[in-house]
Amino acid sequence: MAAAWRARWGFCRRIAFAAPRPTGWEWTMSHSCRNPALVLAAVASVCAPEPAAAQAALERIMGAGGVQADDAVRGSYLASNGSAAIFLSKAGNLLPGGNGVANVYRFDLDSHELTRVSVVPGTGAPASDVCTSAGISGDGQVVVFASYASNLVTGNTQWSAVYRHDLASGTLTRISEDSMGNQANASAQTPATSGDGRYTVFISAASNLMPGDNNSMSDLFLHDAQTGEIRMLDFNRFGQFPDGAVDWLTPQAISWDGRYVVFASAANDLTPTSGNGLLQVYLVDVSNMTRTLISQAANGGPGDAHSTDPVISPNGRYIAFNTLATNLLPGTTSHLYRYDRLSASLVNIPAPVAGDFTPPLASSATWCEGPRVSDAGDVLATCRFATPAALQMLVWNAASARWRLVTQGLEGPSSFGNGRSGLLGGISADGRRVVLDTLATNLVAGDTNNVSDVVFQVTAPADLIFRDGFD
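Per our numbering: the sequence shown = residues 3 to 473.
One should not assume that every hint holds.
[Unchecked claim] Simulated crosslink set (DMTMM-like; lysine to aspartate or glutamate; CA at most 25 angstroms straight-line):
hint : residue 1 : residue 2
1    : 92        : 413
2    : 92        : 115
3    : 92        : 112
4    : 92        : 73
5    : 92        : 110
6    : 92        : 61
7    : 92        : 72
8    : 92        : 168
9    : 92        : 131
[What the hints assert, rightly or not] Now the in silico label distances, taken between C-beta atoms and shown as ranges:
hint : residue 1 : residue 2 : range
10   : 101       : 184       : 33 to 43 angstroms
11   : 345       : 170       : 10 to 20 angstroms
12   : 335       : 216       : 25 to 35 angstroms
13   : 300       : 412       : 20 to 30 angstroms
Note that these hints are calculated values from the structure, not bench results. No residue lacks a Cβ here, since even glycine has one placed at the ideal position from N, Cα and C.
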């Protein structure tokens, strides 16, 4: 990956991984031709962002008894029905029995109940080694995660495996296995799961999950919890193994019904119009195994720079992603795009402008990334502003084409969070609830633990009456 790309986006991606495990505690950042009559529409930059007026307060996820976490809490994501959030933490005081290893937790946004989900069935002992990424079903009842732990199931070796925890039944299952029940012979990572948790996608460079897999790079797999079947989704257009690797998946990589999956790949042979060796965003329709290039230029070719972090709305209509490509739409400067699958239209989402907020923000944003998307096409994104340098989290309203600052400081509606926020988070299908990671200490009262926290916001239905933009 080019050094300029790493510097621009603030993290280094690894596409193929055959090493037994990473060093330290690593966090996932987290992973057929289009109709030639594609409608291309740029969002007018004159549309004003949402006024930075009073809004629902942010709340912080705390440990048992309201204690502040004694270590970082991050890697957050939200069930699409808004019922529960998940996150990773190695804090020892969130719940009894913490072992100082990054484990996966589930927080109920209504009851505020906190549960550790990366546990040994029966005993409740936490995972013995690091959990690196996690996803949650749309109904909040199934959590999937990747972990290097050796104690969750019998026979787990040095590789990271993907697990599925059904909270209703209490069963924990390793799903990164071959047809004989053997563990994948390379790490499996970045799982995402469907609305009811039946379908889970993940990536792995393992060679034993699919017969004949000898490309020695990460591929995209789908597991069906009902049948136990594993399918590979990134075969090339000739039905063969691709010549490039699949990037990390996001936890919003699969639609509610499991039919649509989005991913980024460096393969040159997935569709007739891919082929420049750069990461491109694709949509696969699992029902017929057709693949569509989403990061497609106006001339039908691929984007001229990397496109990453695709997400898909629960209803399968909208896809949002980051890109450094300059040829997707003419005259655009923002790196954030949203694709409408029904109309085959692509829009560029302009970065927030300071003067379009009331009162004005201290500065305008220079770029936005890390999108999450609702059923209405609203986009939650992390944006960098000139002043302060800390990243902020905002929501772009699709109906009004306005931005709303989520990470408002306690000092007032135009104040920023005083530490980095975002990169990981989630938005509910109805757009009412958001969750995000933050290092800011001025978003909620009493934040004195000096580590990353996870905060959430619940917007009342009355606040969304004017979602058609007539406010």
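Verification of the hints:
1. Between residue 92 and residue 413 the CA atoms are separated by roughly 31 angstroms; this puts the pair beyond 25 angstroms, and the hint is violated.
2. Distance hint between residue 92 and residue 115 is fulfilled; the C-alpha atoms sit about 18 angstroms from each other, no more than 25 angstroms.
3. Of the pairs offered as hints, the one joining residue 92 and residue 112 holds, with about 24 angstroms between alpha carbons and a cut-off of 25 angstroms not exceeded.
4. Of the supplied pair hints, the one linking residue 92 and residue 73 holds, its CA atoms being roughly 6 angstroms apart against a limit of 25 angstroms.
5. Annotation: proposed proximity of residue 92 to residue 110 holds, straight-line Cα distance about 19 angstroms (limit 25 angstroms).
6. Restraint check: the Cα-Cα separation between residue 92 and residue 61 comes to about 21 angstroms, which is no more than 25 angstroms; the hinted pair holds.
7. About 9 angstroms separates the Cα atoms of residue 92 and residue 72, which keeps this hinted pair within 25 angstroms; it holds.
8. For a cut-off of 25 angstroms, the pair hint linking residue 92 to residue 168 stands: about 22 angstroms separates their Cα positions.
9. Simply put, residue 92 and residue 131 have alpha-carbon atoms about 10 angstroms apart, close enough for the 25 angstroms limit, and the pair holds.
10. At about 28 angstroms, the beta-carbon gap between residue 101 and residue 184 misses the expected band of 33 to 43 angstroms.
11. Restraint check, residue 345 to residue 170: a C-beta distance of roughly 38 angstroms breaks the suggested window 10 to 20 angstroms.
12. For the hinted restraint 25 to 35 angstroms between residue 335 and residue 216, the CB-CB distance of approximately 42 angstroms leaves it violated.
13. The hinted range of 20 to 30 angstroms is not satisfied by residue 300 and residue 412, whose Cβ atoms lie roughly 45 angstroms apart.
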